[in-house]
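Note that the protein sequences, when read in sequence, are chains A and B. Quick note, the first sequence lines up with residues 1 to 207 if you use the working numbering. Quick note, the second sequence lines up with residues 1 to 207 if you use the working numbering.
Just so you know, not all the hints are guaranteed correct.
No copy is singled out in the list; a pair is fine if it fits within one copy or between any two copies.
[Stated by the list, open to error] Think about it this way: if two alpha-carbon atoms lie no more than 30 Å apart in a straight line, the pair counts; the simulated DSS-like pairs of lysine-lysine are:
1. K108 / K188
2. K42 / K188
3. K108 / K42
Simulated from the structure, these hints should not be mistaken for laboratory data.
Protein chains: 2
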Amino acid sequence: MFTAAIAAPSIKLADTDHPLHPLLQQRWSPRAFAPRAVERAKLLSLLEAARWAPSGSNRQPWAFVVGMHGDDAYTRLAECLNPSNAEWALAAPVLILSVAQTVNSEGKPIRYALHDVGLAEMSLIVQAMALDLHVHPMAGFSQERARAAFEIPEGFEPVVMLAVGYLGDPAQLNERRRAQELESRNRKPLREFVFGETWGEVAALVE
Amino acid sequence: MFTAAIAAPSIKLADTDHPLHPLLQQRWSPRAFAPRAVERAKLLSLLEAARWAPSGSNRQPWAFVVGMHGDDAYTRLAECLNPSNAEWALAAPVLILSVAQTVNSEGKPIRYALHDVGLAEMSLIVQAMALDLHVHPMAGFSQERARAAFEIPEGFEPVVMLAVGYLGDPAQLNERRRAQELESRNRKPLREFVFGETWGEVAALVE
Numbered sequence: 001m002f003t004a005a006i007a008a009p010s011i012k013l014a015d016t017d018h019p020l021h022p023l024l025q026q027r028w029s030p031r032a033f034a035p036r037a038v039e040r041a042k043l044l045s046l047l048e049a050a051r052w053a054p055s056g057s058n059r060q061p062w063a064f065v066v067g068m069h070g071d072d073a074y075t076r077l078a079e080c081l082n083p084s085n086a087e088w089a090l091a092a093p094v095l096i097l098s099v100a101q102t103v104n105s106e107g108k109p110i111r112y113a114l115h116d117v118g119l120a121e122m123s124l125i126v127q128a129m130a131l132d133l134h135v136h137p138m139a140g141f142s143q144e145r146a147r148a149a150f151e152i153p154e155g156f157e158p159v160v161m162l163a164v165g166y167l168g169d170p171a172q173l174n175e176r177r178r179a180q181e182l183e184s185r186n187r188k189p190l191r192e193f194v195f196g197e198t199w200g201e202v203a204a205l206v207e
Numbered sequence: 001m002f003t004a005a006i007a008a009p010s011i012k013l014a015d016t017d018h019p020l021h022p023l024l025q026q027r028w029s030p031r032a033f034a035p036r037a038v039e040r041a042k043l044l045s046l047l048e049a050a051r052w053a054p055s056g057s058n059r060q061p062w063a064f065v066v067g068m069h070g071d072d073a074y075t076r077l078a079e080c081l082n083p084s085n086a087e088w089a090l091a092a093p094v095l096i097l098s099v100a101q102t103v104n105s106e107g108k109p110i111r112y113a114l115h116d117v118g119l120a121e122m123s124l125i126v127q128a129m130a131l132d133l134h135v136h137p138m139a140g141f142s143q144e145r146a147r148a149a150f151e152i153p154e155g156f157e158p159v160v161m162l163a164v165g166y167l168g169d170p171a172q173l174n175e176r177r178r179a180q181e182l183e184s185r186n187r188k189p190l191r192e193f194v195f196g197e198t199w200g201e202v203a204a205l206v207e
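Full structure from sequences and hints, please.
And the structure:
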């Protein structure tokens, strides 16, 4: 019934300075996705997670266009991807376009629209991890094409394309992408971006 | 050693149509925080969670100003809050200001800055839930005051103020806030924002 899960290369575990919950420590953005469909119930839980994210004044300024391999929405989403993403992302059984409502019904800009979409996406990603799925968010696609392909109206902006699926085998990637897949993850240390009394100077907490 | 945790009112559990991981289902943004300090180790884990969030081209366009009750950063952050937030948020032992780097070192706008800060904040919030803490993100503060108080340079923008702490007792709030604290949470149903082939029409997946 189940294909054996391909374990994430351990090098992808966040090399943390302080302990993280496993759902966060194990999260990463793979390029190798397995040829295994995502169950409808799981996909609905991912979207449900996005639904319950917080947002400014509970405005929920988000929408999602979901394509599943083989359907028309998937094909049209796939055609929006930059070639350098398409080369690996089309292995993912699900593509989701996140869309922000950037203008409210009175014509005023919603400053927090993209921010709130980020909150919703991260909820979706955490829920995916809890269901043994991985998500790779991509900025590398044509917003104009996406707008045209789905007739996304003014006041809404395509934000990110999310590739969703089960972890695949790095061997399925080309050499360059395989090298990226097996690279260790890296981040700036906290001292570079956690400040206290003075901007640019590390908070005493971190030292 | 430990004060007994005040359980979240069960009415605050997300009333989901599809199952969520408990860290997401139990998340909400309280106004009543307990008078209990947040342990330094926990606070570092929250920031570590933000650190490992994904971001466009791994740019990590975020910074955080952290204030702990009694320190100078806290006092200055508190002074930026709108009165309607200050009335309850100053019970929180920790205030964190998220800041986005909106312009890169070459002077070009970073379109995904606020979006990526949203990803980092949601990671922080999930980690908080895992440590029995709650977070309330607020847009209701003066960005201008925050910029002035911490000399935040051009190219960076104050985004959100996060109140962080242990759950308090709704009885500590005034009548209006207590009513909000005991209200059930609500969200638009998936059918209003999950689309497939046609914008504005619910995806077959959801029906």
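Cross-check of the supplied hints:
Taking the shortest alpha-carbon separations for K108 and K188, only the inter-copy value of 21 Å comes in at or below 30 Å, while the best intra-copy value is 36 Å. Proximity of K42 to K188 under the C-alpha cut-off of 30 Å is restricted to the inter-copy arrangement: shortest distance 19 Å between copies versus 33 Å within a copy. Neither within a single protomer nor between protomers do K108 and K42 lie at most 30 Å apart by alpha-carbon distance, with minima of 36 Å and 39 Å respectively.
In the structure shown, a violation is registered for the earlier hint numbered 3 alone.
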